[in-house]
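Engineer: Generate coordinates for the entire structure from the input sequences, incorporating the hints supplied.
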Amino acid sequence: MSTISIHRTELLRITHNRSRICRQRYRRTIPPWRMTINSTSSDTSKKEELSVQITNSPTIPQVDQLRPEGLRFDRLQPPEFVQEDRLEFGKFVARGAVLDEEFWTAAWLRAESHWEDRATERYVDNFKRKYAEQEFNDIKRRCKGLQGQKCLCIVAVKKEERHIKRSVIRSVVGTLDLSIRFFFQGETFPGEKLKSQLFCSLNREGSNRYGYIANLCVAKSARRQGIACNMLRFTVELARLSGVEQVYVHVHRNNSVAQELYKKTGFKIVETGQSESTYLLQYTR
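The sequence shown: position 181 = 181 (UniProt numbering), numbered continuously.
Take the hints with a grain of salt, since some may be wrong.
Unchecked claim - Subject to a maximum C-alpha distance of 20 angstroms in a straight line, what follows is the list of computed SDA-like cross-link-like pairs (lysine to any residue):
id : residue 1 : residue 2
1  : K158      : R75
2  : K128      : D138
3  : K150      : F182
4  : K158      : R86
To be verified - The calculated label-pair distances, taken between Cβ atoms and stated as ranges, are:
id : residue 1 : residue 2 : range
5  : K220      : S256      : 14 to 24 angstroms
6  : T188      : K263      : 41 to 51 angstroms
7  : R162      : Q274      : 26 to 36 angstroms
8  : E84       : T188      : 29 to 39 angstroms
9  : K220      : Q134      : 16 to 26 angstroms
10 : D117      : K91       : 26 to 36 angstroms
11 : D117      : I269      : 19 to 29 angstroms
12 : D74       : E276      : 41 to 51 angstroms
13 : R122      : T188      : 45 to 55 angstroms
14 : S277      : D74       : 36 to 46 angstroms
15 : K130      : R253      : 25 to 35 angstroms
16 : K193      : R253      : 26 to 36 angstroms
17 : F189      : S221      : 34 to 44 angstroms
18 : N254      : I164      : 19 to 29 angstroms
Bear in mind the hints are in silico, worked out from the structure with no lab data behind them. Idealized CB from N, CA, C, for every residue including glycine.
Structural biologist: Pasting the structure below:
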């Protein structure tokens with residue numbers, strides 16, 4: 001069992017794979033973003049988003065929608081010091097997305113994942129493009145906050161190397177979303193079926209918040225390098241820094257690869273939270 005110690009100090013070490021979490025002070029600048037490959041499908045119209053496929057608070061521009069055509073796909077990866085909360089592991093760094101190009105890249109990874117098993121279908125590239133555009137706008141809306149609920153898009157990027165300049169599209173290799181949500185009155189876990197009530201409201205007491213992970217995916221070319229596990233560990237610690245102790249994720253019942261990943265990272269099935277198509281898992285370490 002590995003543990004992570006987080007303090008509000010300059011440098012923090014982690015007892016896993018010589019990884020470290022760095023916290024630095026810096027002057028924030030308004031950044032923008034980018035694109036790449038594989039992930040879990042998300043349906044933002046549903047009450048809960050699912051993080052289901054694995055194999056293979058940043059500054060947000062004040063724009064509701066930004067057309068992908070307006071993005072600079074040759075934009076260079078921002079310096080590592082641009083984000084105060086980050087986890088370094090191996091050749092990669094996990095942190096919050098700060099550029100619009102990074103949001104687009106995260107959206108494209110999810111589109112690639114959604115259509116990964118249907119690559120030979122007719123017009124698949126058009127479908128992926130439309131999916132990515134919608135997800136890009138949805139990510140930006142969620143990160144602006146909905147009903148006071150915080151959302152953060154996490155990305156895994158390749159570390160900086162001396163004399164090597166990478167564009168965002170060649171840097172981002174993984175992504176997921178972390179939402180800090182409130183339980184509805186009477187709920188003990190997300191989506192719990194309650195007796196019918198005339199009125200249903202959110203319980204906004206601090207102890208009734210929980211973290212929810214969705215849309216975890218890793219690019220095909222970067223799989224089997226510990227990226228998903230380390231993004232999950234980093235995300236759980238971010239949730240705890242926000243004062244949240246309970247972190248959940250939904251996984252499809254037929255996605256055994258994702259189930260093994262979450263269990264290895266410290267998640268266990270919540271028996272009372274099962275449905276016909278998904279399992280609800282909670283972080284227990």
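Engineer: Looking back at the numbered hints, which does the structure fail to meet, lowest number first?
Structural biologist: Failing hints, ascending: 6, 7, 16, 18.
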